[in-house]
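S.K.: One letter stands for each residue in the lines below.
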Amino acid sequence: MSQRVAVTGLGVVSPLGNTLADFRGRLLEGASGAGPITVFDPASLPTRIAAQADTRGLSLEHKDRKVAFAIAAARDAVLDAQTAGMPLRAHYPPGSGGLSIGIGLELFAMPDMVRLLETKQMPPDAHPLTFLQTPSDICAHIISKEHGLGRPPLTHIAACAASTDAIGVAFRMLRDGKCAWMLAGGADSMLNPLGVGGFCKLDALTRRNAEPHKASRPFDRHRDGFLLGEGAGMLALEPLEAARARGAKVYAEIDGYGNSFDAYGISEPHPNGDGALLAMRRALDSAAIGPGGICYINAHGTSTPKNDPVEALAIRRLWGEHTARAAVSSTKSMLGHLISASGAVETVATVICGASGWMHATANLDEPDPACDLDHIRGGPRRMEHGHILKNSFGFGGQNAALVLHIAG
Amino acid sequence: MRKFMGKQDHLAVIAACQAAKAAGADDTLLRERTGVYLCVGYIPFDRADIEPLSRNSTRDGQFSMELYSTVALQQVNPLLTFRCLPNMPIFHVSLNLGIQGPYFITYPGPGQFYLALQEALAALQRGEIDLALLGAVADQDNFLVDWHFRRQRYSSAWTCADAAAFLCLEARAHAARRSARVLGEYLSASVEYEPHDPLKDTPIFAETLRLAGSEVPLDQAGYLGPASLPAPACWLLARGQAGELRHELRSADGIVARSDWRLLG
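If you're matching them up, the sequences are chains U and B in order. This note's numbering numbers the first residue of the first sequence as 1 and each following residue consecutively. This note's numbering numbers the first residue of the second sequence as 1 and each following residue consecutively.
No lab work stands behind these hints, which were simulated from the structure alone. Heads up, some of the hints might be wrong.
In silico DSSO-like cross-links for lysine-lysine, where the CA-CA straight-line distance does not exceed 30 Å [said to hold, decoys possible]: (1) B:K7 / B:K21; (2) U:K306 / B:K7; (3) U:K178 / U:K249; (4) B:K200 / U:K120; (5) B:K200 / U:K145; (6) U:K201 / U:K214; (7) B:K7 / U:K201; (8) B:K7 / U:K120; (9) U:K249 / U:K145; (10) U:K201 / U:K306; (11) U:K120 / U:K145; (12) U:K201 / U:K120; (13) U:K120 / U:K214.
Heads up, incomplete: computed chain U residues facing chain B, CB under 8 Å, no partners named [stated by the list, open to error]: (14) V114; (15) I142; (16) G150; (17) A263.
Built from N, CA and C at the ideal position, the CB exists for glycine as well.
One chain only, chain B, in its complex shape (with noise of 0.2 Å):
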């Protein structure tokens, strides 16, 4: 670990080197021909960092711009807003791991990390890179996230929760070339999109998990955002399990998609 990072860096790190071991990803496969397709959450800027702040900037219950440029922001860390950026989770991946090949990285839920799937497929096919870490990470116990999803009518039924996966993906030619060992198949998966306006109303959102035709609940933890499908089937994975894995979403910013895999076990 390097660098200043908030804890949704954290969590991207740990779960993007935990993938990459799993997988047996070594440096030289690594470097330039590894990319990275990352999904994060909603950006968590961290409540012990923000108050001081706003604190500092607060003068009889009103934000002072003077307070602000002359007492406050002398207090805080440099870096400060460097925590939060949303490219922050990615860039540290990539710092951590050496890796120097494509990217995608968008945001900031389920629906998006299936356009993130997509995109590494694609370089995949591409023949761009040899190995796609594929993940989603969202530091959702956070103040400020919970004032996002407040804005969206179904939220208030969730607990949201901390995740971040990372799924690493590579054909199947050059996981033999390598001897890997092979977790599991992606089959197929689609995704399409109902256009709506977000100042006047939400899609209903709806979301699956099936394995060998057995729903896995998904509420058990809390709501993963754009981890909720590699979270689980991580865990599916770190268990043995065996079997063809439906994932089917409908998400609240009208993206509807499914995919199939098969875990192997």
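Just chain U, with the same shape it has in the complex (with noise of 0.2 Å):
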């Protein structure tokens, strides 16, 4: 049984906005997300931008941000996958849906921790659950409760790779008919002392605090390191026939997904991007088309100095005499590294652009760097051709994942 694979609904909470219109336009403009780190007082660190979500509007009942973002996002998608009226849920049989979810990791809130280990007691005013912030997989079972999503929720903690990897899987799962529906994506937020902190201790964080706008500028000569994002980004996914039965509109088709390990390092990529090119590869298998049937990779693209030389170094040893068709760009350069959301928010991204008919351009690559040669999308936006789309995603850890997927014509 082989089922392809429709995307009828996205949800966003991003620092570019949380409604699709806002989340495009202001993609499409080359807008940043980026500012002040607001959320904590960053005292003395060395970075002390970065993109935070839009909370107005987000109920924030939960203490920890991701969980909060992952609930709004799976709203929005749910509620854009509806038509007219009627739940998505309601046309299928009451529990076969499924939740495939990246998470971001278990950071404990600093100031918790000195009253843990100064008292020796959980504080009085602590919620049993939220506790050191680290209700990551509860967010699982809340969103698939609210949704009557019967099946195993299905949690991916691959860091940068997670939520491409909970595309993929869920993807999968419909293509081979295990599944009805899916809600697919990922959440995350570091932004706390520790998330900061330990991305400052490794010097992986952009240093412009004086311009926050230009900070992230992946593939750039100029680039300094990520500007850390937070956020989160869900998908409606069905199979197509059912999704057409039912009268949905359907922004594009999931069509592929391959995973790998580097193998190698824990925050740098294999040099010659062995990783990245395996995930790839096993995308486009997974597929069945070859290289020359891409028309534009939403790149990793991390704005580090040495994610962004092996991402293009891999991409061009995929491509080969292709290389010049597929045109490139980084939304990371907009809103920074979402870390675990960054390859659904990426996604969605992704969607939305080219049903418009463009694709955005990776902001801030006024002097693209030699050793990152490819077609890249610069100076604006891109009447988007036909055709298929490659989503990568490299996570710390050397955890690759790719994504192929192609806009509903």
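Put the two chains together into one complex; each comes in its own frame, and the hints tell you how they fit.
M.R.: Written out as structure tokens, the structure reads:
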């Protein structure tokens, strides 16, 4: 049994807005979500800027921001997928849906930790489920309960590749007829002292504190690290035939997925891009297409000195003589790096822009690094040709994931 | 062993290497045609790492961001955060065994181990891999993990143990082609889910393991978290036990699962 898999609903919480219209508009404008960190006082950290999610209108009833983001994005995706006021779940047998979510790390809040170690007791005002900001797994159950998803929720934790894995595994389950419909995506926020401090200690973050809007510059010669972001992206996925039968709008189809290990380094990619190459090849094989069928690549494109040239090399190795035919851009140039949510939010960005017939550019790509030689979209959006799209996500720890999709005609 | 590893990473690498060795999986088999399917436990930041960070950030019993950013962070290993990332065990397994195949990594309990099992079986059936390293690892003798479990009402009666176990799965025909010794067979599994709101209720946990109809005590070593099926299965195999093995689980996060295996002794 092999079914085509349609994207029929999108939800996003991002530094560039939380409605699809705002999100697409600002992406195509080349806007930046960067600014000073205000969710906590960064004091004397070397990086004091980030891309904070727009929390206006969000219910932050849960202490952990990523949980609140995930719940909101899931609600929006389900709402977006409904037709004539009829909820998506009503079209399928009860309990036949599932959730596949990439989720951020269980980081604790330093103030909580200090209180715990000082007093040796759980702080009296701490909620038993959200104490120490560790409820990543409960998010999956809250969403499943709210939307009547009766399949065991899949929680993916492959760092920056997590939500691309989440979409890929959901795609495979639907393609193979193992689930009636799926919510797939991811959520993350590492905008807390431990998260930002830990990345500062690794020298992974940009230090352009005086120019937040210019800080994230993937593939640019003057990039100096990634801009940390936060948010969530969710996609409603269902079999194409079922979507058509219920009269749903179809944004896109997911066609393939692959993942791989670098088996190389914790924080740096394989210098020859071997792992990235394997993930892309597996995604193309899964979609049964060759590299020449790809017209656009939404890159992982972090803006770090080490990642960008390796990704460019891996793309050139895969494409060979076809390289010039595939346009490339990085959503992180505007949103920053949303870590476990990045693949999902960037997939939403790719789909929502692609559906408009235009693909956003890489912002701040003023002087392309010769080591990152590709057909970059820069200076403004580019008209999208019909064809397949490749979405890359490469995680700390050498876990690589790639999706192949195409915009519905 | 290479790189900066936490206890959970060590446990995973040791168990994975033992499994690969027992399966006779050499370097040629372990490259691109082997996948790793792993469930990890809750994230165990080591107290020895965290206490200095906290102590050096404290002023008058309160957290000071200024001290944290100017004093405490200066004294920690740059890779501290990585030591406890949930994907680090699978990274260290891939690195130490040179595996570049596909993966599935999830968390945090025995219910999710079943999801890893399903993914491993599906990858084998699709022909994407020749060998699946299916495992679970949990460093639970840890003060933060203890806090995690206190949030669940049943946990006060438990002793939590560290555990790691890997099983090498492959198709019968593939094992025969390479003349591998077959230790056991996967027979069947079912995995269901009861959606619930974890902020309001916690499903009752129950777990049994039976070998040839007789119950295998699971509480001797303590609660093994996601390794509660693969770890005892490995012990039984190491002791040469044979017979039908049935594991039944009602997890505290609503997953209801059952699997049947045949141990060949």
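S.K.: All hints, please: hold or fail.
M.R.: Going down the list of hints, with the structure as the test:
no.	hint	verdict
1	B:K7 / B:K21	holds, 21 Å
2	U:K306 / B:K7	holds, 28 Å
3	U:K178 / U:K249	holds, 23 Å
4	B:K200 / U:K120	holds, 26 Å
5	B:K200 / U:K145	holds, 11 Å
6	U:K201 / U:K214	holds, 22 Å
7	B:K7 / U:K201	holds, 22 Å
8	B:K7 / U:K120	holds, 23 Å
9	U:K249 / U:K145	holds, 25 Å
10	U:K201 / U:K306	holds, 16 Å
11	U:K120 / U:K145	violated, 34 Å
12	U:K201 / U:K120	holds, 28 Å
13	U:K120 / U:K214	violated, 44 Å
14	V114	holds, 4 Å
15	I142	holds, 6 Å
16	G150	holds, 6 Å
17	A263	holds, 4 Å
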